[in-house]
Every structure is written in structure tokens, then in C-alpha cells.
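Put the two chains together into one complex; each comes in its own frame, and the hints tell you how they fit.
Chains A and B, in that order, are what the protein sequence lines are.
So the first sequence is numbered by our numbering: it starts at 1 and just counts up by one.
So the second sequence is numbered by our numbering: it starts at 1 and just counts up by one.
Hint data in this document are derived by calculation from the structure and do not stem from the laboratory.
Treat each hint with caution, since some may be false.
When the alpha-carbon atoms are kept at most 25 Å apart in a straight line, the in silico SDA-like pairs for lysine to any residue are as follows [to be verified]:
| hint | chain 1 | residue 1 | chain 2 | residue 2 |
| --- | --- | --- | --- | --- |
| 1 | A | K278 | B | R99 |
| 2 | A | K278 | B | A177 |
| 3 | B | K61 | A | G167 |
Derived CB-CB ranges, DEER-like [what the hints assert, rightly or not]:
| hint | chain 1 | residue 1 | chain 2 | residue 2 | range |
| --- | --- | --- | --- | --- | --- |
| 4 | A | V74 | B | D64 | 31 to 41 Å |
| 5 | A | V354 | B | S183 | 28 to 38 Å |
| 6 | B | G47 | A | F323 | 21 to 31 Å |
| 7 | A | K278 | B | D163 | 27 to 37 Å |
| 8 | A | T350 | B | I41 | 47 to 57 Å |
| 9 | A | R413 | B | S183 | 27 to 37 Å |
| 10 | A | S185 | B | A23 | 48 to 58 Å |
Just some of the chain A residues that point at chain B, by a computed CB distance under 7 Å [to be verified]:
| hint | residue |
| --- | --- |
| 11 | V153 |
| 12 | G176 |
| 13 | T177 |
| 14 | T178 |
| 15 | A374 |
| 16 | P378 |
Backbone N, C-alpha and C fix where the C-beta goes; we use that ideal spot for every residue, glycine too.
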Amino acid sequence: MKRWSVAVWRWLDDRLGLVDLFGPSLKHLVPRDATWWYVFGSATLVAFIIQVVTGVALAFSYVPSSAQAFDTLVFISEEAPFGAFMRGLHYYGASAMVLMVGAHMAQTFLFGAYKFPREMTWSTGALLLLFTLIMGFTGQLLRWDQTAAWSVVVAAQQAGRVPLIGGWLAQFILGGTTLGGATLSRFFAIHVFVIPGIMFAFIGLHLWLVLRHGISDPPKPGKPVNPATYRQEYNEELKRTGVPFWPDGAWRDFVFGTTMVLAIVMAAIVWGPPPIEKPPDPSILEADPRPDWYLLWYFAVLAMIPERLEGVVMILGPVLIGFVILLAPIIGHKGERHWTKRPWSIGVVTMVVVMIATLWIAGARAPWSPNFEAEPLPAGIVKSDNRLVVEGARLFHERACLNCHLISGYGGRRGPDLTFVGDRLTEMDMIIRIVNGGGNMPAYGNTLRPDEVDALVAFMKTRRRAEALAPAK
Amino acid sequence: MNDTTHTPDPHRPPEVPTREMEALISRRRFLTRVSLGLAGISAAIIGVPATAFVLAPLLHKVADTWRTVGRKDDFVLGETVSVVFEDPSPLPWAGVTARAAAWLRRVSDDEFIAFSATCTHLGCPVRWMPGANLFLCPCHGGVYYGDGSVAAGPPPHPLFRYDVRVVDDDVQIKATALPITTSL
Chain A
1 MKRWSVAVWR
11 WLDDRLGLVD
21 LFGPSLKHLV
31 PRDATWWYVF
41 GSATLVAFII
51 QVVTGVALAF
61 SYVPSSAQAF
71 DTLVFISEEA
81 PFGAFMRGLH
91 YYGASAMVLM
101 VGAHMAQTFL
111 FGAYKFPREM
121 TWSTGALLLL
131 FTLIMGFTGQ
141 LLRWDQTAAW
151 SVVVAAQQAG
161 RVPLIGGWLA
171 QFILGGTTLG
181 GATLSRFFAI
191 HVFVIPGIMF
201 AFIGLHLWLV
211 LRHGISDPPK
221 PGKPVNPATY
231 RQEYNEELKR
241 TGVPFWPDGA
251 WRDFVFGTTM
261 VLAIVMAAIV
271 WGPPPIEKPP
281 DPSILEADPR
291 PDWYLLWYFA
301 VLAMIPERLE
311 GVVMILGPVL
321 IGFVILLAPI
331 IGHKGERHWT
341 KRPWSIGVVT
351 MVVVMIATLW
361 IAGARAPWSP
371 NFEAEPLPAG
381 IVKSDNRLVV
391 EGARLFHERA
401 CLNCHLISGY
411 GGRRGPDLTF
421 VGDRLTEMDM
431 IIRIVNGGGN
441 MPAYGNTLRP
451 DEVDALVAFM
461 KTRRRAEALA
471 PAK
Chain B
1 MNDTTHTPDP
11 HRPPEVPTRE
21 MEALISRRRF
31 LTRVSLGLAG
41 ISAAIIGVPA
51 TAFVLAPLLH
61 KVADTWRTVG
71 RKDDFVLGET
81 VSVVFEDPSP
91 LPWAGVTARA
101 AAWLRRVSDD
111 EFIAFSATCT
121 HLGCPVRWMP
131 GANLFLCPCH
141 GGVYYGDGSV
151 AAGPPPHPLF
161 RYDVRVVDDD
171 VQIKATALPI
181 TTSL
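Bound-form chain B, shown alone (with noise of 0.2 Å):
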């Protein structure tokens, strides 16, 4: 601090090094790595666990759960009927964000087809349409036939499928991951 004039000036270094000089540089090259290793070290201690916390959610799996969406009466053979479930297993302040719809078909006595709502094109809910056995998504003009397949529209793929199962004549549905079109 108070013998400044030890410091030479280090844009002009003299001609010839002293011993002094090279062991200033050293010094100063050496104080320059730690200082920089002590910060990055700092950085990655709360750095790492900040990410890891942030990116959580990609690495938690999550059990699909049947969840009973009514009793096996409630649905006449051959309608199609919007179903509400819940997610599994939701986080206690999701809200009313936990739920989730499904269209339902009773296809025979103990046989149902559960479509998800969500359009394969980009997510919109898509509605069905009994008169003319037709889901339409209000969104990018995608269209679905009545078995799911792809009628008309920008959607790349069918409706995704839920599992459905009927035990004890109530009629259950696999509720699992929302289903997120991956292909380009």
C-alpha cells in the first residue's frame, strides 16, 4: 500500500528483469489463478445445486395411476363423452390444474375407448362433434375421425390412446404423462 514505488509500471517493463521483477510477475500470476479458482469454485458450489433444483422437474418420474373416471352404467353403448380425471400424482397446490379430460366411448359392455383431448398438431383441446362423428381442434384446423384417425388438418399423428380397464363395473383410466408429440 504505502511503497507504491516497488510497483514498476507493467506497461513499460525494464530491459533487462530483475529477480525482483520475475518473482513480482509470478506472484501476481499465481494471486490471479487462485483468486479466479476460488471464485469459479464458489460459482459451481452454488451454481450446480441452483441448476440441478431448476431442471428437477426433468428428472422426476412419475407413476402412471388408474384413476375412476365413473361406474360402467353411467355410459350408453356407442356415445362419446368428455371424462374428467386427475393427474397422478399432483402437487397439493396445482388447483384445479391437476385435472385432466379424456373423451370416453362405450364401444360394447365391457369395452371403452378413452382419446386424450389434447391435438397431436400443437396441444389445443380438441371437441367432438356427435352429429358428425368428427373431433375438431379449434386451434390450426385439425380434424380427427370418430376412431381418432387424422381427417383433415396439420395433425402429424392419430389421437393419443389412454389405457382404460373396467374393475368392479367401474370404468378406469391410465393417467399418465400429457402426451407430447416428438416428431418433426
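This is chain A alone, in the form it adopts within the complex (with noise of 0.2 Å):
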């Protein structure tokens, strides 16, 4: 039996040319101590594999068409035999994608892994992470619900920012003038066939380059990278201490692979796939469009630009990020490879983890947005049996001042907490303020009648910590 399956795989591989073919990619040498650091890379093919095959899966049953992808969707998550669960990996396998391809780049930065000769793998990477980032987007879109539609909206009025061709771009974004039924067809075919072709292609330069220029060894403090040496230096230590890739480097792939896989399938199983919200309807406008969390810190980012600098930020920002990140490699080409001789690498890798870190907590909290859910507020902080307090505790709310302020942890975050606002400002200050506005209060002079201003402020005034303390009535 052994025999016989011996010689069918030794005729087909005679007409096949396999092992030929992949052999010395599988067998070539890698440095014997690139170790658990080198994992990332591979992950994010895992990653990948699992989306294309996810996304295959996916596209048996969805309906890319403006009216029905919604339905389909829904049939998806709820009828259909391991819809959710398909639903769910894609969901979390992308999200596996995003933080691979951080922690890949991450680690190659802080290695100096982008210098001589890899400068092209460096860029063929950073292009395949704009790729990432691109198909998590489009495929948040293609979840055909409310808050798809509107982020189809947001790009198109960013699109739109662009000068000069701004008006074309946004037209494009949308398919035609308004959301309609070429909208989601557009971001299907970019989704599912134009990004992920280009990324084969990517992702096969980027593997070849490995090949090519070999995996970097591990970077020792004063041992910088000299162009006119370091090929025949890295080449003569492979002969010498190299392990073959498969495999001997391999297995740790495997391992991380298959741990980042069951990852996946316990998120998929535990949390299931973001919900449907709403259906796609443009005129239903209790919506409150916000990313998904690979891209809710740009969200923070959008709502916190100073309003001047905004154009600026919004295009030309992501262009000047963008081109220092393809050019790194050409400007630093050589040198010390190791962090501790490049301590600056470490305070940008730092500071890029801090500046998303916190930018996403905000974007997740969003105090910029006013709480559209404010209930009226209970007599059990109001604690007055004042007819006037009382009174302006209820124009508190009708007026909307507690969609934007807090009093004892009701209402919003956008303006400021007005708990203990009794303690800080006078009666005046107060009638100022409410009349004229200021910063990013509106004015209310011409909205309130000069009796409500008066209940409003009685009620503010109430607001004081030693009243606060004190037990209710």
C-alpha cells in the first residue's frame, strides 16, 4: 500500500514539478535564532486565507443589490446554517488581519528589518496595510445596514474635501449624485474582486521578496547594516548557523497560526457577528453612524481637528503618513539596526500605540456627541420641592440642555458637567451664558421666554455640592 502510494506521488510529481517547484523555497536557509518575533508575517496570512475563504462562503448567499443585501443579510445571520458563524469569522478574522499586520510592521520597524536590501519588502508591506485597511472599510459597507449607508455618505463628503477633483470623487464614491442602487454594487466589485486581486498580487511580491533578500537576522547592538558587506556577511553566517525554513523555522508559524485561528473561532462562537442595525434607509434619520473599531480612533480624529486645520488634516495628512512610510526605508537605509542604538524607534512605535490607543477610548466614548437618549431627569436629583426649580429642571431637559450636559450622570458629554455648576458661577454668569452662548454653547436668547431663563437658572443654582450632600426631601 505504502509502495504503491509512493510510486503515484513519485509519477506525479515527475509530470508536476512540485517539489522542484517549491523545494528550495521550503528548505531555504533561515537564521537559526529568528524566533517567536518572526510570527507576525505568517499570521497575517493565516489571516488573510481565512477571509478569502470566509468571504467565498459569504458571497454564496449575499445579494450585492442596494435593496436587498439587507435581507440577505439578515438571512445570513439568522436562517442560515452557520451564517452567523461565517458572518462572525469574517468579522473577527479581519479583525485579526489589522492587529497581525500592526504587530508584523511593529516589529519589523523596531528591528530595522526595513534596511538594505529589504527596503522594497518594507514598502510592498506598508502598501499591502493601506490594502488592509481598505478592505476593512468597504467590508464594514457591504454589512448593508443604517450605519453602512451613512459611512458611505461620510466618505463621499470626505472624498469630496479633495481640491479640484473633490466633486468627481465623491460622485464616484456614491455611484451618482445621491445613495441609490449603484452604491453597494461599486464597494462589492472593490470589496470582494479589485482590492483582493491586488492584494494576490501584493502579497505574492512580498513573499518573493522574502525569498529574495532571505528573513533579517536577529539586530545586535553595533552591528550596523554596511550595503557594500551585508549580503555576503548575512549569506556567510546562513551557511554557516542557518536551519532550514521548513521545519525547522516553520512550526512556530504553525503554532501562532493555529492559536490565532482558534482565536478567531472563539470570538466567532462567543461574541457572533456585529449586529444588523436599521435597514439602509437614508430617510430614517434616527441614526448614529459611527466605524468599526479598526477605524474608530479616525472617527476621534475627524471630530477633534481644530476646524481650520480640518482640510488639511483630513488629505494631506494620510498622504504625508502614507509617504513617509513608503520612503523609511530609503531614507534609512544603513546603520545600526538594533532599538537600543535606535532609541527613537521605540518613541515612535510608543507614541503611534499611545496616540491610537487614546484617540480610540475617545472615539469610543465620543463626548463631541450629544446623548440623544436623555431621559427627564428624577425628582431624587432634582431634590427640590421649589415649584421654580422643579420647573426648570423640567425645561432642563425639554430644551435639550441634558443632551449636552451632565447633572449627577445624566445627560451628555458635549458641554461642560454641570453637577456642582451652583458653586462656580454667579446667577449673571449664568443668564450670560444661557442668553448669549459662547465657545460651543448656541445662544438661547431667542428660544427661551425670559420666565424659563429665570426657572433654568433657579434650577442651576441648586446645583451645589452641599446640596448634593444633603438628603433628599
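In C-alpha cells form, the structure reads like this:
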């Protein structure tokens, strides 16, 4: 039996030449000490393969029509066997891919692996990061619910700010002058054919470059890259101490990759796919569009940039960052690789992580957004029998003050917390602020009657630390 | 195919090029150009129309259309309500995405104002807060006064206004392109 199968394999391989084709790649020598830090690239590839498999599976049931996609998503999520699981895998697979690209990039940057002769390995990888983010954004749009529809509008509005061609770009994104029948099919074609096709090509190129220039040896302090001698030294060291990639190096990739697959499966089972919200009907104005977590930090950027700089940050910012990332290896292609000799590299990575993390937290809390769900203040918070104060508290809700201001934990965070405003502002301060507005506070002079201002001020004057500590009447 | 001996090693040209050699090199240069030219022509024949097809929405002009959103007396003087209308010339398979909404206010017997519901900052749908006479945006903190002018937050322009007219007691909104802010 065994002999027979060996004979069949030999015949096949003689005709197909698979061992000749892949053997040298699998057996190529890699540095002996390239260990657990080197698993993020292959993990990214594993996540990409998960996305291809689950994406193709989902395409069997998904109808990319602006009118019907929502219904097919509901069907996939609620009725199709394994449908919710497939969607979950595709969502957490995307999340894993974004995380792994980030980890891979941070590692190669800290290890100085982007230096000679691997400049193009880095640059093709940087483009793959861009394509991954485009896939993340377009993928959220294919989840064709209310948030997706408004996200297309937000994307079109951002594109509209590009000088000269902005209007055209916006129209290209919408597939016309409004959201409509053309919109979703275009994003489907981009998400399913255009970008994945480009990604296959770039992943092929990226892997070819990994083979051509070899996996970078772990950096040693005081051993700078000298383009004149690096290749020779690298190859001599490989011949002396290198180990074959398969299986001496590859087993760690398989252990880490499998762990990641299991984590994605667990996440898909435990948390399930992201919910399908209201239908993509642009006439439903009760909407609260938010990007998925991997772009939530950018949502915070859009809310927090100073208005005058907005166009520059929105359009020029990404272009500049892209150029710096693409050109980094050309600018710094030689010299020290070890992070202890490049302390600024630790600074850059730390800064990027801290920036994205803080923006992410800000985006999740979105204190700049009014709280549309603010309920009337309960009597236990108002703590007064005074007719004017009670009326003021009622108006505080009815006139939408509470949507933006916090009172004892109730309300919004758009404006200052007014829980103890009575300790801070005099009656005159309050009246001036309410009537004239100021900063981000709209002027209420034309909206409120004088007796309403009196009631609001009477209520606000009771917002004092001393009163809050007193037992409820 | 069978007379490979006639093919000289391209990396080592003979010291004195023969007439035969020169003819061969010129022939190869010609074949290279012909092949690349044919490939270019093929790519253009397929690629240009394909690109044009994808870019077609940019060239498509949509005529604005008046859409009836209700009878005049459905609207209370001074109140601001959301009205739903259909996009100009929607595609048959657009479904609910062909809908659009505006905030409509009756300001006098025959006079109406219609505000676009999309924020001029980045296009999220603004909500009318009747008690406060404000439009609030749910995304990045934009606030507009009742007349559509910016009260707070990042919006660069007042809310866009649709044209409104009253024809035989029907209130009509001129359905147009989604207003896009194109200034930096």
C-alpha cells in the first residue's frame, strides 16, 4: 500500500514538478535565532486566507444589491446554517488581520528589518497595510445597514474635500449624485474583486522578496548595516548557522497561526457577528453611524481636529503619513538596526500606539456627540419642592440642555458637567451664558422666554456640592 | 527551433558583427515592438471602455425633480418636521436607498423652508430638537440654529436648503444631488 502511494506520488511529482518548484523555497536557510518575534507576518497571511475562505462562502448567499443586501444579511445571520458563524469568522478574521499587520509592522520597524536590502519588502508591506484598511472599510459597508449607508455618505463627504477633483471623487464613491442602486454594487466589486486581486499580487511579490533577500537576522547592537558587505556577511552566517525554514523555522508559525485561528473561532462563537442594525434607508434620521473598531480612532480624529486645519489634516495628513512610511527605508537604509541604538524607533512605535489607543478610547466615548437618549431628571436628583426649581429641571430636559450637559451622571458630555455649577457661576454668569452662548454653547436668547431663563437659573443655582450631599427632601 | 546553432549568444556578441547578425538583431527589435504594440492595442481596446464604464456615473447628469411631500395643510405653522421623498431618477433596484429626507418648516401660509438632513461637516443625518430650536449632529458634534446657521462644532457651512414650492396646495421639494461640501 505504502509502496503504491509512493509510486503514485513519484509519478505525479515527476509530471507536475512540485518538489522542484516549492522545495528550494521550503528548505531555504533562515537565521537560527529568528524565533517567536517572526510569526506576525505568517499570521497575517493566515488571517488573509481565512478572509478569502469565509468571504467566498458568504458570497454564496449575499446579494450585492442596494435593495436586497440587507435582507440577505438578515437571512445569513438568522436562518442560514453556520451563517452567523461565517459572518463572525469574517469579522474577527478582519480584526485579527488588522492587528497582525500592525504587530508585523512594529516588529520589522523595531528590528530595523526594513533596511538594506529589504527596502522594497517594507514598501510592498506598507501598501498591503493600506489595502487591508481599505478592505476593512469597504467590508463594513457591505454590512449594508443604516450605519453602512451613512458611512458611504461620510466617505463621499471626505473625498469631496480633495481639491479640484473632490466633487468627482464623491460622485464616484456614491455611484451617482445620491445614495442609490449603484452604490453597493460598486463597493462589492471593489471589496471582492479589485482590492483582493491587487492584494494577491502584492502578497506574492512580498513573499518573493522575503525569499530573495532572506528573513532578516535578529539585530545585534553595534553591528550596523553596511550595504557594501551586508549580503556577503548574511549569506556566510546563514551557511554557517542557518536552519531550513521547513520545518525548523516554520513550526512556530504553525503554532502561532493555529492559536490565532482558534481565537478567531472562539470570538465568533462567544461574541457572534456584529449586529445588523436598521435598514439602509437614508430617510430614517435617527442614526448614530460609527466605524468598526479598527477605524474608531480615525472617527475621533475627525471630531477633534481644529476646524481651520480640518481640510489639511483630512487630506494632506494621510498622504504625508503614507509617503513617510513608504520612503522610510530609502531614507534610513543603512546603519544600526538594534532598537537600543535607535531609541527614537521605540519612541515612534510607543507614540503611535499611545495615540491610536487614546484616540480609540475618545472615539468609543465620543464625548463630542450629544446624548439623544437623555431621560428627564428624576426627582431624587432634582431634590427640591420649589416650583421654580422643578420647572427649571423640566426645562433643562425639554430644551435639550441635558442632551449636552451632565447633571449627577444624567445627560450628555458635549458641554461642561453642570452637577455643581451653582458653586462655580453666579446667577448673572449663568444668564449671560444661556442667552448669548459662547464657545460651543449655542445662544438660547431667541429660544427661551425670560421666565424660562429664570426657572433654568433657579434650578442650576441648586446644583451645589452642599445640596448634593444633603439627604433628599 | 531546430537550428539553434544559428542563434548567437546574446551576451557575447562577436567582435565583428556579421551582416547576418545585424539582420537578426534588427528583426528581433522589430518583433519586440510589434508584440508590445499589439499587447498595448489589445489592452487599450478592452481597458478604455472598461474604465469608461466604471467612471460612467461621473458623466451621468441627473435632472432635478420636484417631489410632492404632502398637502399644505398637513403642516402646522412654525413646526419643523422630517419629510421623505424620492431621489431624482432612482434606479429600479435601489429599494429604500432611493429615499431621502429633509427637515421641512412652514414659515407662513404659503412659505416653506426645507433643510437638507446631511451635516455639512461629514454628512451624518442631523436631528431637529424642537425644544431647543437646534439641529444636532450625532457624529462629530455639529450644532445648527433653527435657521440652519452653524451654532457649534466643526461644520464649515450652514445646512443646505432645498427649493420648496406650493402647487395646488401640494408642497413640493426639488430633489437634487446629495449636497457635498467641497471646500477645504
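### Message
To test your reading of the hints: which numbers does this structure violate?
### Response
Those not satisfied are hints 15 and 16.
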